[in-house]
Amino acid sequence: MSEFQRTYEDTLGMIGRGADQNGVRQFISFRVGTEDYAIDILAVREIKGWTRTTVLPNQPDYVRGVLNLRGAIVPVFDLRSRFGQGPTEATAKHVVVIVAVGDRLVGLLVDQVSDILSVADDNIGAVPETSIRGDHRYLAGIITQGDTMVVLLALDTLFDTLTLPGDQPAHETAA
Amino acid sequence: MSKRVLAVDDSKTMRDMVSFTLRNAGFEVFEAEDGVKALAVVKTQPVDVILTDINMPNMDGVTLVRELRAQPQFRSTPILILTTEGGEDKKAAGRAAGATGWIVKPFAPDKLVAVVNKVCP
Amino acid sequence: MSTQARNDYAQFRQTFFAESAEMLADMDDRLEVLKSGRLDREELDAVFRAVHSIKAGAGMFDYRRLVEFAHGFEALLDRLRDGRMAVNPAVAGLIIRAADILAELVAAAQAERSAPDDAGADVMTAINTLMAVESVSAATAPILPPVNCESRCVEIRFVPHADLLRKANEPLLVIRELSTLGRLTTACDASRVPMLERIDTQDCYLSWTFVLETEAAEEAIREVFEFVEDDAEISHEVRTPVASEDEGFGLWLETPVLEDVADAAREQTPASVVNVDYGAKRPAVQTSIRVELSRVDKLVDMVGELVISQAMLRQELASHNLPVVDGLESLDALTRELQDCVMAIRMQPVRSVFARMPRLVRDVAARLDKQVRLIMVGEQTELDKTVIEELSDPLTHMIRNSVDHGIESPAVRCAAGKSAEGTITLNASQVGSNILIQIEDDGAGIDRARLVAKAIEKGIVPPGTVLGDDEALDLIFAPGFSTAQTVSDVSGRGVGMDVVRRNIQKIGGRIQVNSVAGHGTRFTLIIPLTLAVLDGMLISVGSERYILPLTSIVESFRPASGQIRELSGGGRIVSVRGDYVPLLGLGRVFGVADAVHDPVLGLVVLVETATGGRLGLVVDGLIGQQQVVIKSLQANFTAVPGISGGTILGDGRVALILDIEQLASLKETAA
Numbered sequence: 790m791s792e793f794q795r796t797y798e799d800t801l802g803m804i805g806r807g808a809d810q811n812g813v814r815q816f817i818s819f820r821v822g823t824e825d826y827a828i829d830i831l832a833v834r835e836i837k838g839w840t841r842t843t844v845l846p847n848q849p850d851y852v853r854g855v856l857n858l859r860g861a862i863v864p865v866f867d868l869r870s871r872f873g874q875g876p877t878e879a880t881a882k883h884v885v886v887i888v889a890v891g892d893r894l895v896g897l898l899v900d901q902v903s904d905i906l907s908v909a910d911d912n913i914g915a916v917p918e919t920s921i922r923g924d925h926r927y928l929a930g931i932i933t934q935g936d937t938m939v940v941l942l943a944l945d946t947l948f949d950t951l952t953l954p955g956d957q958p959a960h961e962t963a964a
Numbered sequence: 853m854s855k856r857v858l859a860v861d862d863s864k865t866m867r868d869m870v871s872f873t874l875r876n877a878g879f880e881v882f883e884a885e886d887g888v889k890a891l892a893v894v895k896t897q898p899v900d901v902i903l904t905d906i907n908m909p910n911m912d913g914v915t916l917v918r919e920l921r922a923q924p925q926f927r928s929t930p931i932l933i934l935t936t937e938g939g940e941d942k943k944a945a946g947r948a949a950g951a952t953g954w955i956v957k958p959f960a961p962d963k964l965v966a967v968v969n970k971v972c973p
Numbered sequence: 065m066s067t068q069a070r071n072d073y074a075q076f077r078q079t080f081f082a083e084s085a086e087m088l089a090d091m092d093d094r095l096e097v098l099k100s101g102r103l104d105r106e107e108l109d110a111v112f113r114a115v116h117s118i119k120a121g122a123g124m125f126d127y128r129r130l131v132e133f134a135h136g137f138e139a140l141l142d143r144l145r146d147g148r149m150a151v152n153p154a155v156a157g158l159i160i161r162a163a164d165i166l167a168e169l170v171a172a173a174q175a176e177r178s179a180p181d182d183a184g185a186d187v188m189t190a191i192n193t194l195m196a197v198e199s200v201s202a203a204t205a206p207i208l209p210p211v212n213c214e215s216r217c218v219e220i221r222f223v224p225h226a227d228l229l230r231k232a233n234e235p236l237l238v239i240r241e242l243s244t245l246g247r248l249t250t251a252c253d254a255s256r257v258p259m260l261e262r263i264d265t266q267d268c269y270l271s272w273t274f275v276l277e278t279e280a281a282e283e284a285i286r287e288v289f290e291f292v293e294d295d296a297e298i299s300h301e302v303r304t305p306v307a308s309e310d311e312g313f314g315l316w317l318e319t320p321v322l323e324d325v326a327d328a329a330r331e332q333t334p335a336s337v338v339n340v341d342y343g344a345k346r347p348a349v350q351t352s353i354r355v356e357l358s359r360v361d362k363l364v365d366m367v368g369e370l371v372i373s374q375a376m377l378r379q380e381l382a383s384h385n386l387p388v389v390d391g392l393e394s395l396d397a398l399t400r401e402l403q404d405c406v407m408a409i410r411m412q413p414v415r416s417v418f419a420r421m422p423r424l425v426r427d428v429a430a431r432l433d434k435q436v437r438l439i440m441v442g443e444q445t446e447l448d449k450t451v452i453e454e455l456s457d458p459l460t461h462m463i464r465n466s467v468d469h470g471i472e473s474p475a476v477r478c479a480a481g482k483s484a485e486g487t488i489t490l491n492a493s494q495v496g497s498n499i500l501i502q503i504e505d506d507g508a509g510i511d512r513a514r515l516v517a518k519a520i521e522k523g524i525v526p527p528g529t530v531l532g533d534d535e536a537l538d539l540i541f542a543p544g545f546s547t548a549q550t551v552s553d554v555s556g557r558g559v560g561m562d563v564v565r566r567n568i569q570k571i572g573g574r575i576q577v578n579s580v581a582g583h584g585t586r587f588t589l590i591i592p593l594t595l596a597v598l599d600g601m602l603i604s605v606g607s608e609r610y611i612l613p614l615t616s617i618v619e620s621f622r623p624a625s626g627q628i629r630e631l632s633g634g635g636r637i638v639s640v641r642g643d644y645v646p647l648l649g650l651g652r653v654f655g656v657a658d659a660v661h662d663p664v665l666g667l668v669v670l671v672e673t674a675t676g677g678r679l680g681l682v683v684d685g686l687i688g689q690q691q692v693v694i695k696s697l698q699a700n701f702t703a704v705p706g707i708s709g710g711t712i713l714g715d716g717r718v719a720l721i722l723d724i725e726q727l728a729s730l731k732e733t734a735a
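Residue numbers (this note's numbering), protein chains in the order written: chain A, 790 to 964; chain B, 853 to 973; chain C, 65 to 735.
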């Protein structure tokens with residue numbers, strides 16, 4: 790394995806969570822723009838159709854506001870916007886995937902949920918060095934399914950790099 | 853590891869002196885200023901010996917002893933009551949509540965250390 | 065006590081006198097009511113404890129006169145406590161005099177002078193006389209014999225029934241027989257003997273406690289009581305030998321405690337034992353239970369859900385034009401009540417934190433040779449439990465600071481024409497949805513010039529910096545800033561006001577400081593009542609809705625265009641009956657595109673901050689008043705400026721709750 794690639798163990802470490810005894814893990818894949826991404830199924834708490842969120846003032850574009858999840862106030866992040874493809878024109882067909890990150894609940898706005906993938910550890914490829922530079926560290930691995938390529942997201946890292954609301958000062962101008 | 857003593861007295865003077873004496877003798881000392889606080893302390897701190905005054909606000913020493921003895925984990929914890937001279941009735945009440953022994957105030961430092969050592973498990 | 069011991073403890077003398085002074089002052093307060101002729105249980109217990117503590121402390125330092133007097137005084141109080149004597153004017157007068165003498169003797173001991181020989185002698189005599197007269201029937205309490213057994217000991221309680229003698233039984237014979245089994249120690253309890261005129265010579269009033277040092281079998285002991293066992297309560301307990309040291313302490317049983325003793329302890333204390341139960345006033349702990357905080361939180365959450373579900377139900381009915389169903393009103397009321405009750409579980413008075421402060425002030429003042437009086441106001445103000453816990457450290461630190469840095473030494477104060485004694489006021493009050501805690505001292509105030517000089521010296525601000533008054537004061541919150549000229553062992557512990565501020569911010573609060581040179585300093589903590597129910601006003605700003613705390617709203621109005629003035633700096637003000645109030649367009653501040661910006665077209669909601677500042681919020685309109693459950697955004701976010709939290713409305717949507725204090729510091733984005 791090239792030193793420019795992440796080691797296999799690194800990749801597994803980033804995906805977190807255990808595989809079954811045959812080394813098979815399950816992922817939920819979803820589409821954002823033209824790309825397919827996947828996250829560990831164990832992190833997923835709920836999948837909801839898009840409803841209008843309450844906008845949080847003075848936040849980055851990818852913060853779509855908050856929604857009520859059975860009494861908990863959960864922030865929703867627009868992955869398309871986060872990946873630099875502009876804000877999602879959200880409709881009722883769009884989907885919010887509620888995931889647990891640590892002890893927080895977070896909603897991910899995606900275009901649609903595609904599939905549940907069962908993937909053996911051996912079939913998870915490492916991410917080429919070129920794409921793990923910069924803030925792309927949340928890319929944990931690559932799953933190849935037939936002719937499509939699905940990018941595995943490492944949620945912990947993704948939310949390290951996603952600035953949470955309030956981390957930057959409010960939009961103020963001096964009088 | 854040094855033994856842990858809980859000193860319960862509403863008088864700071866008395867707590868200071870007990871702590872000072874026992875710390876010098878190598879004990880680890882916790883303090884509480886009444887029975888209620890003492891019960892709170894033992895919830896979070898394991899203690900080997902408890903020394904308690906009798907007359908305290910909120911919860912007196914006799915009630916404290918009774919409360920402690922009612923909890924299985926403190927059945928066998930040595931509890932010494934601090935009484936003043938002539939406090940025979942208090943001593944009797946402490947004894948009835950399940951205290952292990954008594955120390956008369958004023959006490960000499962070496963006596964205090966001796967009796968705590970004696971009951972130390 | 066040995067001289068050595070006294071020397072070891074000499075260092076605690078100051079603590080003793082400081083504590084005694086506090087107790088004597090407290091006693092004075094409590095005895096004030098005695099002058100009106102009555103003294104209730106609580107007062108009496110407190111006075112008793114004070115006298116007892118002074119006696120115990122005095123004993124440690126060998127102040128014999130003080131111990132003797134306190135002992136007599138204590139005995140008098142004890143009789144009042146257990147009802148053997150009643151408070152009458154003579155007794156009341158005596159107690160007040162005794163308290164004076166006690167204070168005198170404490171003062172004498174502190175000054176290392178001996179009090180006049182006859183000090184208190186008349187009071188003592190009066191006490192003794194009174195006790196002798198009042199307690200003819202009061203036999204002495206049963207005294208348990210000391211258990212200094214070298215071999216196996218059996219303790220026996222023998223409480224004959226009143227008719228024991230009538231059945232031709234003779235206790236003396238029992239005792240004699242018992243004494244043949246080993247070394248016998250006997251204690252007789254005569255407390256049941258009535259007044260002479262009521263004595264029935266046929267009745268047995270006495271009972272005994274025996275300690276028998278013996279190798280005899282239990283069977284042999286039981287045999288002794290064979291004939292009386294139906295006419296008396298008899299119990300016995302075997303004690304393993306524990307050699308008692310010389311006087312001063314002793315052990316009743318070897319650890320571990322025997323199971324039966326523990327069981328016995330839970331039962332009613334035996335009749336022979338003097339009742340030290342505190343009468344009608346049960347200790348607070350027995351009327352409360354401890355509950356995991358997480359369970360309370362769960363309850364709070366669920367009730368919040370209930371409130372929301374109910375609001376949704378109501379809304380649903382309305383949207384179908386259905387009439388309000390019977391019973392929905394009472395369900396409303398019950399839900400509201402349930403919610404209040406659940407919220408109240410988490411609330412606690414700030415007293416628990418305040419209570420530590422008098423001692424702190426006393427200790428620190430004593431160490432610094434300062435005279436400081438602490439006045440506490442609003443101790444019953446309630447706050448969420450978790451908030452109270454977080455308050456403890458910052459308050460402790462600030463009070464310590466006030467004594468250390470705020471209050472001057474008596475000499476300096478006198479020179480400045482102030483009283484030698486400084487005053488610190490600790491005040492808690494609820495203002496709207498905030499708790500305001502103020503720590504105010506009448507000390508020297510903060511020297512702004514010195515602050516700036518120090519900040520420059522420490523490189524916190526560049527040399528030559530000129531700061532406004534408020535900015536200069538803010539320097540005390542700069543990390544690593546300490547203005548004490550020498551690092552004292554009191555405040556100079558490396559914990560600065562920056563840490564205090566961070567702690568306060570952590571619980572969503574803010575801290576402000578005001579100071580007038582020569583007159584004192586006031587710190588104000590503004591702490592939100594998180595996790596509470598808020599009476600709110602739902603307002604619309606474009607397509608967004610926000611909750612405004614109702615208590616902060618002064619009025620709302622649609623201004624005429626003549627009332628509005630644009631300032632050259634970019635802000636706007638509105639004139640309200642001659643006052644000029646700055647305007648803040650919420651649509652501008654929060655970037656809501658479709659919001660009304662011109663107050664003439666919308667509405668101005670005049671709000672007041674916790675510290676009295678006023679602000680006019682430009683909104684689209686008011687939707688209605690609503691009670692909401694505050695949900696923190698903190699779990700998911702760091703603070704969003706201008707927003708204190710969120711809530712869930714009847715339609716299930718989230719609405720953000722506005723933070724008036726923060727809004728006051730925000731400025732409008734230029735249009």
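If you are wondering where the hints come from, they were derived from the structure by calculation, not from laboratory data. The C-beta atom is built at its ideal place from N, Cα and C for all residues, glycine as well. Please note that a few of the clues may not be correct.
Below, simulated DSBU-like cross-link-like pairs (lysine-lysine); rule was C-alpha separation at most 35 Å, straight line [what the hints assert, rightly or not]:
| no. | chain 1 | residue 1 | chain 2 | residue 2 |
| --- | --- | --- | --- | --- |
| 1 | B | LYS855 | B | LYS963 |
| 2 | B | LYS970 | B | LYS895 |
| 3 | A | LYS882 | A | LYS837 |
| 4 | C | LYS362 | C | LYS231 |
| 5 | C | LYS362 | A | LYS882 |
| 6 | C | LYS482 | C | LYS449 |
| 7 | B | LYS895 | B | LYS855 |
| 8 | C | LYS518 | C | LYS362 |
| 9 | B | LYS970 | B | LYS855 |
| 10 | B | LYS895 | C | LYS449 |
| 11 | C | LYS362 | A | LYS837 |
| 12 | B | LYS889 | C | LYS522 |
| 13 | B | LYS889 | B | LYS970 |
| 14 | C | LYS362 | B | LYS895 |
| 15 | B | LYS889 | C | LYS362 |
| 16 | B | LYS889 | B | LYS855 |
| 17 | C | LYS522 | C | LYS731 |
| 18 | B | LYS895 | B | LYS963 |
| 19 | B | LYS889 | B | LYS963 |
| 20 | C | LYS518 | B | LYS855 |
| 21 | C | LYS482 | C | LYS522 |
Chain B is faced by these chain C residues, among others (derived, beta-carbon under 7 Å) [claimed, not checked]:
| no. | residue |
| --- | --- |
| 22 | TYR73 |
| 23 | PHE80 |
| 24 | GLU83 |
| 25 | GLU86 |
| 26 | ALA89 |
| 27 | SER117 |
| 28 | ARG128 |
| 29 | PHE291 |
| 30 | ILE353 |
Broken hints, numbered, in rising order? Violated hints (numbers, rising): 4, 6, 8, 12, 20, 25, 26, 28, 29 and 30; every other hint is consistent with the structure.
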